[in-house]
Amino acid sequence: MSPNLLAVFYLISGVLFILALRGLSSPETSRQGNFFGIVGMAIAIGVTVISAGNFSTGFILLLILLVLGGSIGAFIAFKIPMTAMPELVAGFHSLVGLAAVFVAISAFLNPEVFNLGTPNNIKIASLIEMSLGGAIGAITFTGSIIAFLKLRGLMSGSPITFLGQHFINLALGLIIIGLVIYLCRTQNEYLFWSIIVLSFLVGVLLIIPIGGADMPVVISMLNSYSGWAAAGIGFTLENTALIITGALVGSSGAILSYIMCKGMNRSFFNVILGGWGATESSSKTTSKDQKPVKSGNADDAAFLMKNASSVIIVPGYGMAVAQAQHALREMVDSLKKSGVKVSYAIHPVAGRMPGHMNVLLAEANVPYDEVFELEDINNDFANCDVAYVIGANDVTNPVAKTDPQSPIYGMPILDVEKSKSVLFVKRSLSPGYAGIDNDLFYRENTLMLFADAKKMTEDITKNL
Amino acid sequence: MEIDPFIFRLSIFVLAIFVGYYVVWSVTPSLHTPLMSVTNAISSVIIVGAIIAALAGDKRNIFDTANIFGYLAIILAAVNIFGGFLVTHRMLAMYKKKKKGK
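Chains A and B, in that order, are what the protein sequence lines are.
For the first sequence, the positions run 41 to 504 when the working numbering is used.
For the second sequence, the positions run 24 to 125 when the working numbering is used.
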């Protein structure tokens, strides 16, 4: 196959990938979009294999590897519970990162096959591209591993900080840049290996200071990194499909990070440089313990909701932990039977990754046109009879609007307190991730339901 | 003087960032999780580099170090491609509209 024809095919798969993302603008077109993505991938792989022209041993080996990797991937994809989606995505990011590192290494060891020159005499531009691609890939790899361990609960979700942390990161970053420059001048193999190893270290150091509830930002950021790594490799291999894909994925992840940061009213650097939990201990000490709290049981809750005309459900990460989405939908079904209007309100940073709550509700067969984003539903709380807060906390805290001293001041929140009554399902009065007390607990119109989210929801359903 | 081909690739890159910017802003927030899994799947197109690395070179000696890194990268990318697209498909199949007459 001529290089020009090959390039045209790569362009086609690049365009198909754009269409794959475009399809996600609405659930109706999304399945078709995913199909375009698969076709784009098949074209890219197909033409690459044909142009490599090695149909003997190499080809059979390639098929075996594809089937091996593919069946592992398919097995995971079918087995994974929807609540584990954040760690799955983090895990997958780490694989892209490592694959980028491996491709960069083999390009460095065997530059002739990629037309980059000969060993010890690689083109300067290619050296820069492959070391950047490899470095970003390495950061993505170890960073995603840490994110995976934190999300999976194999590692504590609390931020790990130590003195001079940011200084060390900065120094390591500068050293890596220095090594790349030096590598271009000397072509020394050890410099290349040092760049990769140091980048692995940077990935770890970058993610350990970030706390559990900041994970939506971290996952989006690593998503972005995996794209930039792919683009770096794309430049090295002079491959349009990779360059286009890398740019798409890179900007997609960056936009998601931005949306997540905005959802918490924090700057990107504020999130990256360490969690709330580590810095905010002062606000916790104010003793609000004496305030009266109204608590109720499933019976009271069922009574309130049955007699309501409209109910808004506010799910949060706690719902995912308790796996309460199915129980929740059953409760809503019985409510609907009694003629209650029910809708769902999703805060941008609810859960551990962008869109986490939406997927869980979709899994429980909640129609997506009953689920609303913050800005679309926030005005409805004033006219609603009952708000049912299940597993959410900080995103409903009214102090974000009233107390400029509060660390979450300015964060957009769901105006739950405006509804006639609030049912707040929670195990205890403990503060949320931000480490601050939720004013909502002590409001006149709030009824606390102290229980496991799933159990409480099931009990309410029985009482309806 | 001729234009370096690098500049062409850079142009594609920059334009693709803009395309990505506008396309991703139009993605509905409820599909942000599938967006992440599908971007993950398509970024595994890095497999083309792995295939070239694995299949090229001296054809009698297919177990050169550079080739082996290529093989490893193929496995990793294949896990991602199949896993990423299938899990996206699984998620998207769950998004249903309200049934009429309910």
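Be a bit skeptical, because a hint or two may be false.
Covered stretches of chain B, going by a simulated chain A footprint (3 or more residues, C-beta under 8 Å) [said to hold, decoys possible]:
1) 26-32
2) 45-55
3) 60-72
4) 105-113
None of these hints come from the bench; they were simulated from the model.
From the three backbone atoms N, C-alpha and C, an ideal C-beta is built for every residue, glycine too.
Tested hints:
no. : hint    : result
1   : 26-32   : holds (count 3)
2   : 45-55   : holds (count 10)
3   : 60-72   : holds (count 13)
4   : 105-113 : holds (count 9)
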